[in-house]
Amino acid sequence: MDIVTQFPRQVREIENLFITLSDGCRLAARIWLPADAEQKPVPAILEYLPYRKRDGTAERDHLTHPYFAGNGYACIRVDMRGSGESDGLLDDEYLKQEQDDCLEVLKWIATQPWCTGSIGMIGISWGGFNGLQVAARRPAELKAVISLCSTDDRYADDIHFMGGCLLNDNLQWASVMLGYMSRTPDKALLGDAWRDVWVKRLEHQPLLVAHWLRHQRRDELWKHGSICEDWSAITCPVYLVGGWADGYSNTIPRMLAHLQCPKKGLIGPWAHKYPHFAKPGPQIGFLQESLRWWDKWLKGIETGIMDEPQYRVWMEEPERPLAYYDERPGRWVAEPQWPSPNVEVRLLALNSGGRLAEKPAPEGVVETLSPQSVGEGCGAWCGFGIGPERPLDQRADDGRSLCFDSEPLPARLEIMGAPQVTLELSVDRPAAFVAVRLNEIASDGAVTRITYGLLNLTHRDSHEHPAALVPGQRYKVTVVLNDIAHGFAAGNRIRVAISTSYWPLVWPSPEPVTLKIFTGASRLELPVREPRAEDAKLRPFAASEGAEPLAKTYHRPSKGRRWIERDIGAGTSTYCIEEDMGRSTIEHIGLETDFVQREAYRIRDDDPLSAEIEIAYSIAIGRGDWKTRSETRTLMRADKTHFIIEASLDVYEGEKQLVKRRWNERIPRDFN
977 MDIVTQFPRQ
987 VREIENLFIT
997 LSDGCRLAAR
1007 IWLPADAEQK
1017 PVPAILEYLP
1027 YRKRDGTAER
1037 DHLTHPYFAG
1047 NGYACIRVDM
1057 RGSGESDGLL
1067 DDEYLKQEQD
1077 DCLEVLKWIA
1087 TQPWCTGSIG
1097 MIGISWGGFN
1107 GLQVAARRPA
1117 ELKAVISLCS
1127 TDDRYADDIH
1137 FMGGCLLNDN
1147 LQWASVMLGY
1157 MSRTPDKALL
1167 GDAWRDVWVK
1177 RLEHQPLLVA
1187 HWLRHQRRDE
1197 LWKHGSICED
1207 WSAITCPVYL
1217 VGGWADGYSN
1227 TIPRMLAHLQ
1237 CPKKGLIGPW
1247 AHKYPHFAKP
1257 GPQIGFLQES
1267 LRWWDKWLKG
1277 IETGIMDEPQ
1287 YRVWMEEPER
1297 PLAYYDERPG
1307 RWVAEPQWPS
1317 PNVEVRLLAL
1327 NSGGRLAEKP
1337 APEGVVETLS
1347 PQSVGEGCGA
1357 WCGFGIGPER
1367 PLDQRADDGR
1377 SLCFDSEPLP
1387 ARLEIMGAPQ
1397 VTLELSVDRP
1407 AAFVAVRLNE
1417 IASDGAVTRI
1427 TYGLLNLTHR
1437 DSHEHPAALV
1447 PGQRYKVTVV
1457 LNDIAHGFAA
1467 GNRIRVAIST
1477 SYWPLVWPSP
1487 EPVTLKIFTG
1497 ASRLELPVRE
1507 PRAEDAKLRP
1517 FAASEGAEPL
1527 AKTYHRPSKG
1537 RRWIERDIGA
1547 GTSTYCIEED
1557 MGRSTIEHIG
1567 LETDFVQREA
1577 YRIRDDDPLS
1587 AEIEIAYSIA
1597 IGRGDWKTRS
1607 ETRTLMRADK
1617 THFIIEASLD
1627 VYEGEKQLVK
1637 RRWNERIPRD
1647 FN
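Counting with the numbering used here, you get residues 977 to 1648 for the letters of the sequence shown.
No wet-lab data here; the hints were simulated from the structure.
Yeah, the Cβ is synthetic: ideal placement off N, Cα and C, and Gly gets one too.
There's no promise every hint is true.
To be verified - No more than 27 Å apart at the CA atoms, straight line, and that leaves these computed lysine-lysine pairs for DSS-like: (1) Lys1492 with Lys1452; (2) Lys1016 with Lys1272; (3) Lys1176 with Lys1636; (4) Lys1535 with Lys1603; (5) Lys1335 with Lys1452; (6) Lys1176 with Lys1163.
Said to hold, decoys possible - With beta-carbon atoms standing in for the labels, derived distance ranges: (7) Ala1337 with Gln1313: 34 to 40 Å; (8) Asp1195 with Glu1607: 31 to 37 Å; (9) Leu993 with Asp1583: 51 to 57 Å; (10) Ile1540 with Asn1318: 39 to 45 Å; (11) Ala1466 with Glu1607: 52 to 58 Å; (12) Asp1646 with Ser998: 35 to 41 Å; (13) Met977 with Arg1637: 38 to 44 Å.
With the hints as extra help, turn the sequences into a complete structure.
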């Protein structure tokens, strides 16, 4: 990344300012704007999050918002109610209160003497979600949105469920929130009130995993904030951005297909980060690309951005399976619209003998009973590009799955879109799921996962009204795999791998499941796209740029690792994660932070009820003699009928314990 220090307009920063809402709640904001904005007002860009402007997002904020400000925008980074130094309490994600507060913030910004009244919203993940949700409320001040790594459907494409299956990220993210929201506000900004604000939050803090587990179907909890409930609600222009290594790439082509507003989509090789610094690379000049969008929709300057193809993606080259990629080889391709008439479906039959062929063979039957640890090579559901989180070589998982292989490809084959696998099957239990992986087999035998999909078979007809399976009955189901753009190499083979477990990504079914697949009647649908000459003429992205980085001193460097432990005698497998974010000081405010998380996912191959997840966070924040620390722990297991949750929260000022909380929950399993 090239660091820019000189901009067209000098930048002024307001380190902290409180925006008072109509109910008296104050939201803490940090603002960057041109120094002469009160004499020459500018449009504004809002990023609205619960992740703490003071320390949590400070590094990326420093790279991004001064850059926009130096190019003629006022940038406002607001901590939501109940987070950072803001007043109030935070009860859950994406509540109506969150949107209502944002509407007031937009009105406040529009009335400031430095603002023209035109505002855009930008955000990644939570901030990408609420940008779309607020746009659906149609505030007059909001003229355009850039939404990264977000969703249109909170049930189908978020950290909670996938294909109706319970993702273990549901617990992981709830554990993150338990840790994140236990952090103290900065005493330097709140003065003597800091402790009372903090303790009130801690005593109110919900155990989100228990709340979410009480909604295992696609009910009103998930419909709220899902913009797919009314595609016509959003009328302002929307730029949708994501990456193939992220967990939210499916939503971009789906929103392009359904939104009725001016829209663009961009998917790179990136994980869950902004594209000017995301891994795997190549990074792009995302801030320059964003300015083209803002200039068009907030300043009325024709930049040509809407004359370019609607949907642009990174076509990945074949690559050996690695847990981490610094860069992912490929090229940019684009389609004028999505869905595209340039993509055609190619059918391959799942035939007996483990063959994948163009012509279906006479019908046969194969069956499998997956060991519970199948899935150890799955990698993270949502990667962040900061460690060994990508899928491993799939041979270990494939050896314990039903596999169907093509002949070596006679020529390169490129796909773009969502492959689908239609299965005719039966199972021997009333509840089961299938995990389907699309893999590429290299000539030396290495196997790379290209994409995958999940389906809770009790959700085969509806996520709102699941129904038990009849053991032994034959069903026809379709598993939609994640969207991808990938080129299979000539000479390599395509594999479809099927299992009834996918640990540690998915919580297991209550009982071991024997699955029968009716070969010849089952098939793979590939979205094939032939290379187009127009791709070589695409406007190149500028080189990655950013403003000056945040000055931090590290006293212990950050590091992350993942490993697998096996107890051969007990027959257990444990997938372990340690993310040490290091101990560091933000120099200009003297704030020291220390953050370590540990996760363990245990299971025995012959018993789905042995599944157990334990997640712990230790977070310290302080300055000089002022020291605070929070310790959180969550534990999840299940019996045949209930999920069992234990959690603890212990908070200290110095060595004095301020808060001690414990939770014990039993929540009925609802077809999961």
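- Item | Hint numbers contradicted by this structure | Failing hints: none at all.
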